[in-house]
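Asker: Protein chains in written order, with our numbering: chain C, 1 to 331; chain H, 1001 to 1119; chain F, 2001 to 2496.
The set of hints was computed from the structure by calculation and includes no laboratory data. One or more hints might be untrue.
[Unchecked claim] 30 Å max Cα-Cα, derived DSS-like pairs, lysine-lysine:
no.: 1; chain 1: F; residue 1: K2099; chain 2: F; residue 2: K2435
no.: 2; chain 1: F; residue 1: K2435; chain 2: H; residue 2: K1113
no.: 3; chain 1: H; residue 1: K1113; chain 2: C; residue 2: K77
This is what each chain is made of:
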Amino acid sequence: MTLIFGVFLLILLVIVALAIVRSEDLFAAVMLSGIFSLLMAVNFFLLDAADVALTEAAVGAGVATVLFLGALALTGKEEARHTVSPGGRWLALGVSFATASLLFYASLENPHIGDGSAPVHQHVAPWYLANTLPLIDIPNVVTAVLGSFRGFDTLGEVFVVFTAGIGVMSILGVRHSLVELSGAELDARQRSLRHHLIPRIVGRGMVPLIMLFALYVQFHGEYSPGGGFQAGAIAAAAIILYSLLEGDDRGRELLPEWLLRLMVAGGALLYGGVGLACVLLGGNFLDYSVLATVPSAGQHLGLLLIELGVGITVTGVLISVFHAFARRASR
Amino acid sequence: MAILAYFNYWVFAVLLVIGLYAVIAKTNLVKQLIGLSIFQGAVFLLYISMNKVEGGTAPIFLNGNTERIFSNPLPQVLILTAIVVGIATTALGLAVVVRIREEYGSVEEDDIKAQDVGS
Amino acid sequence: MSIEDHLPALQIVVPLLLAPVVTLLRVRSLPWAASTATSALTFVLAIALAGQVATDGALSYAVGGWQPPYGIELAIDQFSVLLLLIISGASTVALVFGKASLDREIGEERAPLFFAAWLLVLAALCGMVTTGDAFNLFVFLEISSLASYVLIAAGPDRRALMATHRYIILGTLGATFYLIGVGLIYMMTGTLNLADMALRIGEVSELRPVLVAAGFITMGLALKAAMFPVHAWMPNAYAFAPHAVSVFLAACATKAALYVLIRFDFVVFLPHLAEHAAQVSAFFIPLAVVAFLVGSTVAVFERNLKRMLGYSSVAQIGYILLGVALLTPLALTGAIVHLFNHALIKGALFMAVVCIAHRTGSVQLPAIAGCARAMPLTMAAFVVAGLSMIGVPLTVGFVSKWYLIQACLEFGVPGYFLAAALLLSSLLAVVYVWKVVEAAYFKPRPEEAPELCEAPPMILASLWLVTLANLWFGIDSSLPLGLARAASMTLLGEAP
């Protein structure tokens, strides 16, 4: 039953992808890519990847959609009629056909899906499953691998987010050939939602709930799917919603720009600082075991701190990016 | 069900080239970025498809139960990172497109090329 | 454990963690000063690591204390040390050299963000050449790319934005191809650690996913390395980036991708995939030849000096690729030493062009007419670096060409043709270097053109430092050659 459901979802994914590419209305294309991400997330869930499903839903359907809509508001919603260059089409068809044939050719000797004797299930991964409880002592193996066994990757991931944050601020920070809206004008645009009673009341009730959920995801990641990244995305969503409902100025009062910058830098520094603390205490970089007298307690402390670092940076970056897009408006 | 044993990998290939086609063939810069995110999304499917074990469950030891069959945690960890990389690329790409629109008044690649030849 | 044992990690972590700190510095030139100091410190760390590798041989560092293949390993040998020296050296010189031009191009408000992105590129490139884990490599590859997009987009001309967009698209395609390749290999071997992969790939080397993976990884990294014919993003990205960024990225960014390609090919694929050697040669040798002939020819007709140097880089990457594809110790040594030498050559040339642009305000060929009289030291440096690129004796360019041509000649008659093509490309280099020299020395300065004077002392000093390095390592090339020889021996699996 799950199998058939999975196949059905996959076929749906292909149809949605085709619709995205065919659609000349960019607004529709963006909405469809939100659906694409949700379908993808359901698929991941069927394939036992709960953490990934949660992230794909939050990022692909949530953050990405908001970013695309923000950009479309500034660039226009329609694709031009001559959407495909004739030369480009043949090149694209050629490259796509070649790539697809290569992958089909390869796939016939892939291990079967779900085959427990495939190499990926025989080497490295069993070690993680066997050693997470004795060495780290938390139930979620994904969190253990993410935060500790491959903690260096996750440090890199935080810096990817950090780079994107400072990148968007740097690129959209210039005031070239453009009038930035004054506070009052901006207010007038942003405040519009305040006059809508239902979103306001429902929204006001939701903001604290979303925030609470973010905290739960942040601190419960060791036991269930979740962690700093997803929590950061959810917390940012709560604050962005607050800014939308109450006007950008109130949003800024809540989190002024200097504080956002401090969050963006501080979370990444917290993560790296934990790594350096391990070095000072005599371990290797990111070896949390030396943080406490009992190694597994040190691992717990390390994971808690780095997840917090991830959460802070992600929240800060997402809100900053939202502000960077929202503050810009064409003449 | 020999066909279904590879079905995910085929869908991965199809999604990948749909994205690739959009990236190369489309002249609208926003559409290229949308194509790029489909392209990246397809790769997530490749990795997550290999983490499944028949009869397995998500790799979380609920109530200390370690006896069940668990799916592979490693591809999941990798894809968590890859998803973040994808959204970071999208954010930067969109910021650049917004600036292009301000400078050129268009987000169609051929319009922009024509303007640059003129200048 | 003393602090020296942590050098492999610190090499990456120091610039990485200073990046967030720099974003918080809001005082005038403090971000620049902090970045330059960090970059210099990274260079010192690289020298210290080089010393360690020279005495103890290759190093391995287990991040998080988890042994490979379960944890992420940093693996450092002579080859990575050579790249670390190039990367941190290029960054430091470009920052010192570029202060004046960056002050003008970036503006005070954006400076903290810009310099943070710079440090991220530096840290991520160091990470790319030291990590021993295929996926960790992807993470660093992406950090370096994302941060370079930010640097290039800061260029003052609006065409910088289109160049960035193109780079984002092609760079992401490249990185994703790499990721697909790594995924397929992981599927067949169950491991992400490169050394472990090399051990386990032999058992499955006949299977299609592995062969296809080799293709995807090669293609992805070729895109990142701006290899012909997928170099389209590179000339414009370098031409419209802020000047100092062109110097930095031209000297080392594509090199890091080439390094990864060489490492993957020689460590993972070549010893274990039966057909791979023949495929590499059959595929890369023609591409390399076309690359340097086409690259040099386009450079001859290009009137924008920075784009000219960009196309010249396409050709130079072709030389390196040729050395790699010949698969002999001599050729590989030539290729690796050219990685180092080309960084010096292109660094010096870009710096000279930037000096001229600093005074004339333009990088177009007509604008530099007659500038040699007012800027004799700058133009002299350009001439020396140009001679080095052509491959005149007593310069570094000669050393690498000498090795490459010798390596070609080992192959008998087909080798003669390769050597001839190489010489032809060098002749074309004579033509485009001459075009600049002719304009600068022999064309009169137009009447209405503004008065010129020599570039500021600090800029000139760093330009000449690199130019003299071109001569120094041309006369005594034992340091880069020693590292390159050791590296090629390790890569080819022979005892050093």
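Asker: Which hints from the list above does the structure break, by number from lowest to highest?
Answerer: none
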